[in-house]
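Colleague: Sequence:
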Amino acid sequence: MELIDVFAAVVEQQSLNKASQLLNISQPALSRKIMRLEEELGVKLFKRIGKRLELTRAGEVCYEYALDQQRLERKLKEALQAFKTGVQPASIIVGASLTTLQSTLPDLITIYMREYPNTDIKAITGKTHEIVPLVKDRKVDIGLVASKIEDPALTCVPLFDDHLCLVLPDGHPYTGKTELKVHDLNELPMILFSRGTWYRVLMDEIFHRYAVHPDVKMEIDSFEAITRLVSTCNAATLLPESYLRRNLMEDNELTVRFIPELKQTKRTTSLLYTEDAVLQPSISLFIDQAVRHYQPGKPMGE
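Residues 2 to 303, numbered by the numbering used here, are exactly what the sequence shown covers, in order.
The hints are simulated quantities; they were obtained by calculation from the structure and are not laboratory data.
Glycine included, each C-beta is placed from N, C-alpha and C at the ideal position.
Treat each hint with caution, since some may be false.
[What the hints assert, rightly or not] Derived Cβ-Cβ restraints for the label pairs, each shown as a range:
#: 1; residue 1: K182; residue 2: R49; range: 33 to 41 Å
#: 2; residue 1: D69; residue 2: D216; range: 25 to 33 Å
#: 3; residue 1: N248; residue 2: I125; range: 22 to 30 Å
#: 4; residue 1: N248; residue 2: V217; range: 23 to 31 Å
#: 5; residue 1: L23; residue 2: R139; range: 41 to 49 Å
#: 6; residue 1: N25; residue 2: L77; range: 20 to 28 Å
#: 7; residue 1: N248; residue 2: H184; range: 50 to 58 Å
#: 8; residue 1: R49; residue 2: H209; range: 37 to 45 Å
#: 9; residue 1: D216; residue 2: T176; range: 14 to 22 Å
#: 10; residue 1: D205; residue 2: E74; range: 29 to 37 Å
#: 11; residue 1: Y175; residue 2: N248; range: 19 to 27 Å
#: 12; residue 1: D162; residue 2: K182; range: 20 to 28 Å
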């Protein structure tokens, strides 16, 4: 097993003992692997506080890259599957903003692949203003963005509205409060999206409007990394409601709380495509399934 996978397992289990049981190796052997990785990288990845392990800043960065590597390995295996079966799949290229790539596209791909498992779906990520011209120039077949787009060359189909929610580790003092207001976020230790990302812009607008100054412990681009680190760091975060599935919350021991003022962060997730794109059956089916999933009973094109 790669050292980076061993490291990720320790982070996620928050314990050498639990991680050693999961990986089916002895705790001393696991400790040696972590020490070897630290020697190879030339940095300390963990600091011990009592019986608890906490990530150093270098460890946090390393964990983000570990998650990226795991995703790339999964994509490689999926890409090679077609060569095993000998069947050339139909192809769809989706251009997705960072937000939709992590919160919405996985569900849409899962739904589509259940019925059309041999389809080759590729995703290109970018900011919304970068995705729009890619759709218009047919460099991608479909665009998936967290906004409504008005452009005569494109069809824009709104799928659903979304807003930010407060996410806390189970047992956090705020989980027991009857009501929370945006001012409760003042000086609250938080993990937020990196500056420049769309959701961070929304957050900063709310913070400025209500003169709220959270204690920002980390800034990360990855939804997955944020959800996994909230409990580890005993910090709060703000995430779009559409991302907060029950299994995600339970697996990461998280609680969601709704704050009235955060409804002002509402965004509309939409599909973008050209008239020519829907002439390809696989693309037309993908769009139709997406619309039926989020708006049951609504035919495509209405």
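Colleague: Taking the beta carbons of D205 and E74, is their distance inside 29 to 37 Å?
Modeller: holds (35 Å)
Colleague: So does L23 sit 41 to 49 Å from R139, Cβ to Cβ?
Modeller: holds (46 Å)
Colleague: How does the Cβ-Cβ distance of D69 and D216 compare with 25 to 33 Å: does it lie in that range?
Modeller: holds (27 Å)
Colleague: Looking only at beta-carbon atoms, does the pair D216, T176 fall within the given range of 14 to 22 Å?
Modeller: holds (18 Å)
Colleague: Is 23 to 31 Å respected by the C-beta to C-beta distance linking N248 and V217?
Modeller: holds (28 Å)
Colleague: Do the Cβ positions of K182 and R49 conform to the proposed distance bound of 33 to 41 Å?
Modeller: At 37 Å between Cβs, range holds.
Colleague: For the range 50 to 58 Å, tell me whether the beta carbons of N248 and H184 fit it or not.
Modeller: violated (32 Å)
Colleague: For the pair N248 and I125, does the Cβ-Cβ distance stay inside 22 to 30 Å?
Modeller: holds (28 Å)
Colleague: Quick check: does the Cβ-Cβ distance between Y175 and N248 fall within 19 to 27 Å?
Modeller: Since Y175 and N248 have Cβ atoms about 23 Å apart, the given range 19 to 27 Å holds.
Colleague: Could you see if the CB distance from D162 to K182 stays within 20 to 28 Å?
Modeller: holds (22 Å)
Colleague: Just tell me: holds or violated, for the beta carbon distance of N25 and L77 against 20 to 28 Å?
Modeller: Holds - the Cβ-Cβ distance for N25 and L77, about 24 Å, lies within 20 to 28 Å.
Colleague: Return holds or violated for the Cβ distance of R49 and H209 against the range 37 to 45 Å.
Modeller: Cβ of R49 to Cβ of H209: about 39 Å, so the range 37 to 45 Å holds.
In this structure, the one hint that does not hold is number 7.
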